[in-house]
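Asker: Protein sequences, first through last, are from chains A and B.
Using this note's numbering, read the first sequence as starting at 5 and increasing by one per residue.
Using this note's numbering, read the second sequence as starting at 11 and increasing by one per residue.
Okay, derived cross-link-like pairs now, DSS-like style, lysine-lysine, Cα gap no bigger than 30 Å in a straight line:
id : chain 1 : residue 1 : chain 2 : residue 2
1  : A       : K448      : B       : K31
2  : A       : K28       : B       : K435
3  : B       : K297      : A       : K490
4  : B       : K359      : B       : K435
5  : B       : K31       : B       : K12
6  : A       : K483      : B       : K159
7  : B       : K356      : A       : K28
8  : B       : K163      : B       : K241
9  : B       : K356      : A       : K483
10 : A       : K309      : A       : K353
11 : A       : K437      : B       : K31
12 : A       : K371      : A       : K437
13 : B       : K207      : B       : K241
14 : B       : K163      : A       : K165
15 : A       : K483      : B       : K241
16 : B       : K359      : A       : K11
17 : A       : K487      : B       : K297
18 : A       : K165      : B       : K330
19 : A       : K207      : A       : K194
20 : B       : K356      : B       : K435
21 : B       : K330      : B       : K163
22 : B       : K404      : A       : K314
23 : A       : K490      : B       : K356
24 : A       : K452      : A       : K462
25 : B       : K312      : A       : K462
26 : B       : K12       : A       : K437
27 : B       : K70       : B       : K412
28 : B       : K297      : B       : K241
29 : B       : K207      : B       : K297
30 : B       : K404      : A       : K309
31 : A       : K165      : A       : K207
32 : B       : K412      : A       : K308
33 : A       : K490      : B       : K359
34 : B       : K397      : B       : K195
35 : B       : K71       : A       : K308
36 : B       : K312      : A       : K487
Output of the computed footprint for chain A on chain B, the stretches with three or more beta carbons under 8 Å from beta carbons of chain A:
id : region
37 : 45 to 57
38 : 81 to 90
No lab work stands behind these hints: they were computed from the structure.
Quick reminder that beta carbons are idealized off the backbone N, C-alpha and C, glycines included.
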Amino acid sequence: MIRNYDKLIFEISKEGRTGYSLPKNELSQYSLAALPQALQRSSAPELPEVTEFDVVRHYTNLSNKNFGVDTGFYPLGSCTMKYNPRINEEICSLPSFTGLHPEQPAECAQGALEVYYNLAASLAEISGLSAFTLNPYAGAHGELTGLMIMRSYHIQRGDLKRTKVIVPDSAHGTNPASAAVCGLQIVEVKSTANGTVDVEDLKPLLDDTVAGIMMTNPNTLGIFETEIPEISHLVHECGGLLYYDGANLNALLGKCRPGDMGFDIMHINLHKTFSTPHGGGGPGDGPVGVRAGLENLLPNPQVKKNSEGKFYIDTDDASLGSVSSFLGNFGVAMRAYTYILTLGRENVKMVGPLAVLNANYVKESLKNEYYLPIEGVCKHEFVFDGLADKSTGVTTLDIAKRLLDYGYHAPTIYFPLLFHQSIMIEPTETESKETLDEFIAVMKLVAKEAIENPEIVKSAPHTTPVRRLDETTAARFPKVTYKQMKG
Amino acid sequence: MKYFPHTQQDIEQMLQVAGLKSLDDLFAEIPAELQFNREFALPEAMSEVEVRRFFEALGKKNSNLICFAGAGVEDHYAPSIINPIISRGEFLTAYTPYQPEISQGTLQYIFEYQSMITQLTGMDVTNASMYDGCTATAEAMMMCVAAAKKRNKVLLSSTVNPKIKRVVETYAKFNGIVVDVISEKDGVTDLQELTEKLQAGDVAGVILAQPNFYGIVEDYTGVADACHANKALMVMNANPSTLAVLKTPGEWGADIACGDGQSLGIPMSYGGPYVGYLACSNALVRKLPGRIVGYTNDVDGKRAFVLTLQAREQHIRREKANSNICSNQSLMALYVTIYMSLMGEKGLKEVNELSYSGAHYLAEQLVATGKCTMAFDKPFLNEFAVKTNVCAAKIQAALLEKGILGGVRIADDMLLFCVTEQRTKAQIDTLVDVIKNI
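Based on the sequences and whatever the hints tell you, model everything.
Answerer: Structure, rendered in structure tokens:
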């Protein structure tokens, strides 16, 4: 941080300042004043009045209060915070793509459609499925779309009873929410002691009301579900479909494909596995893939290629409908396609193994200081259940906050819900051994502090732009705009 | 390019710590028949030089056209300073601001975004943004049904953009929500039919558009009262750029405002990423899905911002959630926040003034060709529909030959034209000449 800047843009506003330049109106004889008064707003919106330079300084100073992958290491489980190459940003900003209007005829957007088509085909190859849509905007949106495909499949076969979806108790929180928004009831299946789906608990749940099961593999504990062939067999036998939550796909890149495991439908988070930036919470992108036989159900519009190699936009009557205004976050798809092309087939297959190596290296290096509830080789991530020595009362939250003082983002905490003090760590393949060694040393130091000087950990962070916040007051008396803040 | 830093020596040392001999050992538990053992059918790695060349060649297969198309996506001026700011790694590569102590940059700009969107829409509160205008409208519908508890019907005006209709209908279909479409009369919502349908007493919400799909600025006088008298919520999908000058959803008495922020200077980018907005009255804040940033203090009394109202339905009762939205379009929210800061009220007004002038000039000139008539005699701002006595497709094809994206065809004899501040009089004259000469 260069300086302690604490202004809102409204607070640097001064009447009469402007930060834009527009052309002169050549046609000023046609004036808005002619619009009926009753259709015009009665008072002007209170927006800032600032210069361009004010804006640059203001937001640059704000950025200095932020932590990103470019700033430092993010051991954030289930989020796959890998390096975001800048070439992807350059490519997606090419004016020959950013200038395209979605209503532009397909023959004038062949390059863009080729990107869409080829990225979809690449994702199909990488995941072992038949076809992909890039229309959903985010992981949760992909889940919803995937479940709509699942429901449409049953409905179109006249199988109307299937309204239940089975979700493991270790599932990502969005799984049940997506199912609810798709009009499905959630049935939870328990985990075994080693964190995988309990097949014996699953069996009695399977009947002719089951639409399918949602799973991630490896699961949120970073454990590969070795019984997946059996689960696939059982669910298919009862007439259900298997949905793969692609949040953890990074672990398997190059080693194992969801389609080969028996999954029928999946989503991929391009902002995780395919390195598009998280942007402080979005835009993401959540392509959805299906096995052969389900392609017609994908959302409209669909991009297809004719026998002459020309791309066109199609709508299918069997489709579940539309989930987006057009072809999704196309700019994000451009980044992901660039990433796949620059990585190339020889490097894509190394992503999974090296991500898994990094995770196991960190896990093995810290399991004396932190309690590892499930031993053995993990995949891309793993979960500690708090400190090994919890005697001083230092919690997972305290550890997370203390890491901020040392220049690290916190791991994912209190998830999965299977343990009380979950610390979920996913290093990703783009971090070096040296970075991991430094992180390991700091984690050990924090564990030592927790014993020797617990107060410093419990009151952390100390060196961040702000310290722990009063979240209770914020929620009880919400002030969510400048106007409300001024009172 | 390898984006991983591992040397052979690193790999060996790390495997040793993990007690393993080879990278394959990391996957030993995966049944052999599930292991993927062939090469991917993908191209070999491209260097930066090659990948640039590759995309430049692909870009040549797109045509960059002079854009007179709208229908929800408009070709607005994007100030040059926005991209450099949002490309700062601290914004671009940050995660969701769940650790507020190191995310004040993100949290504060979302707070500023919320402040500006509520100013534009005249609503009390907004969330931190949605995927796009279509999904924001679908979420507004879900809010209506959740708020009404026992009603599952919404009324949707026929004058809402068909793209929005399609998404709303998809979400409705899977949620047992009945969408009843209100007819249009002379290009505007049939308010009599609307009032009659409301009186049935089973309507959770009414979804309207401003300006509507035909570019018409509709007069919604009395609609809010009719909705509220029948315990229905009023939802207005509004183009935020135009709200700098038009009567706001808040002023019309809407309970929920939603729409797409693309018109706030976001490049058209073949459909995305854009940003949806969803705003509402204070009474509905606890039904508002997605993230919301609020003001608070830290333990030292220092002003700070934080994700708040997290104890809402979708967080605590997931299996009964009304929304599954997890992310927002944060970086695009930053984009429009910077845009609104730069433009201010005056700049936005000027954008609307320029667009209004161009659109009304174009409309007049098109009518003067004798080949077009105004489809509706209603007030409009930057977009309007014409009827033509020439085939609409033929007009579009003729314009395309001159490098002009000549409107959006909405019927065999109807075209929708949109003019923004980026269009010049000369471009408009060229377009008119082409049509004149057909």
